[in-house]
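Residue numbers (full-length UniProt numbering), protein chains in the order written: chain A, 1 to 91; chain B, 1 to 91.
Do not take every clue at face value.
Identical copies carry no separate label here, and so any pair may be met within one copy or between two of them.
[Claimed, not checked] List time: in silico DSSO-like cross-link candidates among lysine-lysine, alpha-carbon distance up to 30 Å: (1) K77 with K90; (2) K91 with K77; (3) K91 with K67; (4) K67 with K85; (5) K67 with K90.
FYI, nobody ran anything at the bench for these hints, they're computed from the structure.
The chain contents come next:
Protein chains: 2
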Amino acid sequence: MSTAPTGNTKTIVLGNRPLREYVLEAIVSLNREADVIEILGRGRHIHRAVTLYNTLASRLGDRVTLKNVEIGSLLIKGRRVSYIKISIAKK
Amino acid sequence: MSTAPTGNTKTIVLGNRPLREYVLEAIVSLNREADVIEILGRGRHIHRAVTLYNTLASRLGDRVTLKNVEIGSLLIKGRRVSYIKISIAKK
Chain A
1 MSTAPTGNTK TIVLGNRPLR EYVLEAIVSL NREADVIEIL GRGRHIHRAV TLYNTLASRL
61 GDRVTLKNVE IGSLLIKGRR VSYIKISIAK K
Chain B
1 MSTAPTGNTK TIVLGNRPLR EYVLEAIVSL NREADVIEIL GRGRHIHRAV TLYNTLASRL
61 GDRVTLKNVE IGSLLIKGRR VSYIKISIAK K
């Protein structure tokens with residue numbers, strides 16, 4: 001699931017789909033309208049969010065740069081869930 | 001497992017122990033010699049590293065501040081493993 005890009009930022013919310021689908025989605029978005037990709041990983045998907053970043057960084061090399069890493073917790077259905085938001089920018 | 005503090009930085013490497021043991025270790029260190037706590041989470045422990053940070057932030061409130069969040073990958077026994085390093089400083 002990913003939300004519509006706000007301006008030139010595209011948010012990718014990590015779910016249960018295979019990682020390569022998110023890699024493809026991110027690369028296609030960067031090649032099209034997106035200047036910034038925000039990877040949002042919640043709970044047990046936090047690890048895959050970091051792995052997605054590492055995969056993109058190794059694939060795209062210096063065409064992208066790590067802009068920001070935000071961590072915290074969200075209240076989801078009354079439960080506090082940790083999250084990470086990783087912002088990658090096109091150079 | 002945690003390494004000896006370098007200067008006033010104490011590194012806590014997340015392993016399989018219960019989270020509350022790491023919470024206790026961090027709080028005791030901050031009350032003693034440490035000015036900065038570095039939480040290192042590798043692979044599937046990345047999620048617990050973020051949860052440890054959230055637990056400390058909610059417990060200690062404005063006595064501590066988030067100094068830095070570093071993400072990347074390490075080569076461990078020939079395998080590339082994602083990691084997160086979260087630095088918390090005493091105010």
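Each hint tested on the structure:
When the C-alpha separation of K77 and K90 is checked against a cutoff of 30 Å, the pair qualifies neither within a copy, at 35 Å, nor between copies, at 32 Å. Proximity of K91 and K77 under a CA criterion of 30 Å is satisfied in neither setting, with 38 Å inside one chain copy and 33 Å between copies. Taking the shortest Cα distances, K91 and K67 sit within 30 Å of each other both inside one copy (10 Å) and across copies (26 Å). For the homomeric pair K67 and K85, the shortest alpha-carbon distances inside one copy (11 Å) and between copies (16 Å) are both at most 30 Å.
Taking the shortest Cα distances, K67 and K90 sit within 30 Å of each other both inside one copy (9 Å) and across copies (25 Å).
Hints 1, 2 from the list above are not met by this structure, while the remaining hints are.
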